[in-house]
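Protein chains in written order, with numbering that gives the first Met the number 0: chain A, 0 to 489; chain B, 0 to 293.
Simulated from the structure, these hints should not be mistaken for laboratory data. Built from N, CA and C at the ideal position, the CB exists for glycine as well. A portion of the hints provided could be inaccurate.
[To be verified] Between beta-carbon pairs, the in silico distance windows are: (1) GLY202/B with GLU175/A: 37 to 47 Å; (2) SER475/A with ARG81/B: 35 to 45 Å; (3) ASN215/B with ASP270/A: 49 to 59 Å; (4) LYS203/B with SER454/A: 38 to 48 Å; (5) LEU419/A with ASN200/B: 26 to 36 Å; (6) ALA167/A with LYS205/B: 30 to 40 Å; (7) LYS168/A with LYS203/B: 29 to 39 Å; (8) LYS203/B with ALA167/A: 27 to 37 Å; (9) ARG67/B with GLU163/A: 30 to 40 Å; (10) ALA167/A with THR86/B: 23 to 33 Å; (11) ARG67/B with ALA167/A: 23 to 33 Å; (12) ARG81/B with LYS438/A: 44 to 54 Å.
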Amino acid sequence: MKFIPFFLLFSFTTFGGFKYEDIEIPSGIDPQVGGLCTLPNGNIAACFHRGELMIYNTKTKTWKMFARGLHEPLGIVALTNNEFAVMQRPELTLVKDSNGDGKADTYKTLYDEFGMSGNYHEFSFGPVRDKEGNFYIALNVASGLASMRKEIRGEFSDVGASRERFYAKDWKKQKEAVGRMFSKVPYRGWVLKISPEGKMTPVSSGLRSPNGLGFDADGDLFVPDNQGDWLGTSKIHHIQKGHFHGHPASLVWKKGWDGRDPLKVPVKELDKMRTPASVLVTQGIMGNSPTQPLLIDHNSFGPYKGQMLIGEMNFQRVLRFMKDKVNGQVQGAVIPHIDGDPMRIGNNRLTWGKDGSLYVGRTKLSWPGDNGIQRVIWDGKVDFDIQNLKLTKTGFKLFFTKKVNKLEADDLKISSYHYLYQRAYGSPQIDEKEIKITKVQIAKDGLSIDLSLDSLESGKVYDFTMNDIKSIDGDSLKAKRMCYTLNNLK
Amino acid sequence: MLALKERFVLRTMTIIWLALLASLSAEEGKDIYTAHCMACHNLDKQVVGPSLIEIAHYYKENPAGIVRWSLNPGVKRKLAIRMPPMTHLGKDKLLKVADYILKVTKGKRYKPEKEPEDPYKETAPAKLQRMFMPDAGPAAIALSLNENVHICWDAGTCQFRYAWNGKFIDQWPVWRGNGNALAKVRGETFTKVGQGNPFKNLGKTKFKGYSEKDGNYIFSYAVGDVDFSLSISALSSKEISLNFTSNASKNLEYKPELEQGSWTSSKGEISNGILKLNAKEAQNFSIIFKAEKK
Chain A
0 MKFIPFFLLF
10 SFTTFGGFKY
20 EDIEIPSGID
30 PQVGGLCTLP
40 NGNIAACFHR
50 GELMIYNTKT
60 KTWKMFARGL
70 HEPLGIVALT
80 NNEFAVMQRP
90 ELTLVKDSNG
100 DGKADTYKTL
110 YDEFGMSGNY
120 HEFSFGPVRD
130 KEGNFYIALN
140 VASGLASMRK
150 EIRGEFSDVG
160 ASRERFYAKD
170 WKKQKEAVGR
180 MFSKVPYRGW
190 VLKISPEGKM
200 TPVSSGLRSP
210 NGLGFDADGD
220 LFVPDNQGDW
230 LGTSKIHHIQ
240 KGHFHGHPAS
250 LVWKKGWDGR
260 DPLKVPVKEL
270 DKMRTPASVL
280 VTQGIMGNSP
290 TQPLLIDHNS
300 FGPYKGQMLI
310 GEMNFQRVLR
320 FMKDKVNGQV
330 QGAVIPHIDG
340 DPMRIGNNRL
350 TWGKDGSLYV
360 GRTKLSWPGD
370 NGIQRVIWDG
380 KVDFDIQNLK
390 LTKTGFKLFF
400 TKKVNKLEAD
410 DLKISSYHYL
420 YQRAYGSPQI
430 DEKEIKITKV
440 QIAKDGLSID
450 LSLDSLESGK
460 VYDFTMNDIK
470 SIDGDSLKAK
480 RMCYTLNNLK
Chain B
0 MLALKERFVL
10 RTMTIIWLAL
20 LASLSAEEGK
30 DIYTAHCMAC
40 HNLDKQVVGP
50 SLIEIAHYYK
60 ENPAGIVRWS
70 LNPGVKRKLA
80 IRMPPMTHLG
90 KDKLLKVADY
100 ILKVTKGKRY
110 KPEKEPEDPY
120 KETAPAKLQR
130 MFMPDAGPAA
140 IALSLNENVH
150 ICWDAGTCQF
160 RYAWNGKFID
170 QWPVWRGNGN
180 ALAKVRGETF
190 TKVGQGNPFK
200 NLGKTKFKGY
210 SEKDGNYIFS
220 YAVGDVDFSL
230 SISALSSKEI
240 SLNFTSNASK
250 NLEYKPELEQ
260 GSWTSSKGEI
270 SNGILKLNAK
280 EAQNFSIIFK
290 AEKK
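Working from the sequences, and respecting the hints, build out all of it.
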């Protein structure tokens, strides 16, 4: 028998219903993870900050270099064991090993016809694939904290700030006209669909920092966005063709746009145009910077199949999204799913191992975050947890993973509030009020509770604090807070 | 008039009361700090933003100054990212955070940190690296032809931009942060062309990617309806060759916007800075760029 290094025997940490394993990254690699995916053979591919694409053999726990030299890759999907679609800053690329030596030799540009002003904030996210094999990508808007390069790629939009402003000596004085975030080259702030042949169709606009895309089991596409100008708090959007999601800079690239500077369109008009987010990720409560949504497509991570996980940059956390479809519109709730030590911050990319464990890749890119890859394995024991949350005509129905002991109105506090839609950065919580629970009814099987509330309003977050709810075995709830975004009443 | 003793007691009580208030405020401030600030700030280390000790160093006994900065942040150090304005927290909460910062740093001395060095500087760079390069479009590629000769290729305009002699590129300015910088050329540029594609009479450019074999790279692209393959090799320390093959079925004109160095062609005729190639020549030809003779 071979000698097994002592530290390997103890490389797992168990905590709060999960086992954690730190995946060792080869030395010499800057371990900020921009992309993470699972190959058909079960191995894991990771893209790193400085352009490496490496493959991790999950059996031997060793890494191999597949490709180098990529430009800030921020997303990857495996097409086969030898070919990947990688989203680089300038393009969507098919990276392939065509001679079977385990190393990429062909880098085919599938789509690069979006604009680049050279502004650092113009990150490119995705891809994810639909059932027909189309790719979806999302493009960040540029940041008004920096300007543009002299040479740009693609058409410059003359709507709003002129090009001269970007090269003016006193850049700070131009910022009011430019906006905090700008989209001066095509399709910044958009989700785009790319056919397998490389043909592009614009999908939806109004995004600010759409760091990660994910389809759920119903084929609904979700994209997070980050608190900032025009975003009172971070959120998760349901991406639908032709919709505008609220950040106005990208409107200049809308077909038939009337040529007005989006920054000068009245806020009320923009508000009417926009599709509100499916879920608000309440700032400082649920998260500050949500990342990639990932469908839970199996039962080896607890009884949550069909829901989605969402990474979070600023909290030691991965969130769970409980979708609720009301009047044909998606809304729902978020709840911390993996939370606190030894989870770390910077949880940027997620992929499932073949065994149902979760690989989490971290990054920071100078913002709050961390490095490396963590593998999270469910310990197989069902925790006492909120399994689901649905809106009813009179309140909410809470579904539990285990039988509830009893519930009195005081065991649970609910407040409601909303955020401002405004040009300024972020928003305080507005009109915060306590919601009275008028009736509590536990289902016969003990697995759900119907709550009637004294007030239900659309356009509000319902923030649940559940400190004193216990299971019949006396277990406390795993996550004691969740936030439901109510856009539509039943 | 209060007696001296009573005044002393009153003053002492006021001081105690105020200290208690500040302490309570700091307690609340801790919670707000944890939820909204801690991801970017650390007590004694610079993370994304400065350490609390550094903040307290600038704002000793001046919590209002911390509040003012948080509502309208600037940038104090080079390459730092600007904090988003914390207006959503409001002045009252920010003041509590400020009280907490000053409380938790009391008695701690600030020592400026050194500029960080690249922790991965020993890693040999990739031979081909896509990155933000100077004097090129944002979709640039740096390619090392050999130890001493390197070129910049622009995937946006599909063309060679410049070559230099010396070491490859300093990538740390780009990799150290979020990409708000350019790589540095570590040598002397000996030939250089402008932004326009030299075949631009043919129509729009379309980059198709590149392939690699035995460390040699071949770029593929189209200009109008003509497909090109291009490999680039170093002929000497200040001379490179662009080796083209194409599917041209018509005569081509090649007109580089030369800014530095000189150029010549293996085929066709050059007059007034324009190379004319017949269809057959255009299918396989080389352009040589080199340093100008002094």
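Structure versus earlier hints, numbers of those that do not hold, lowest first: 4, 5
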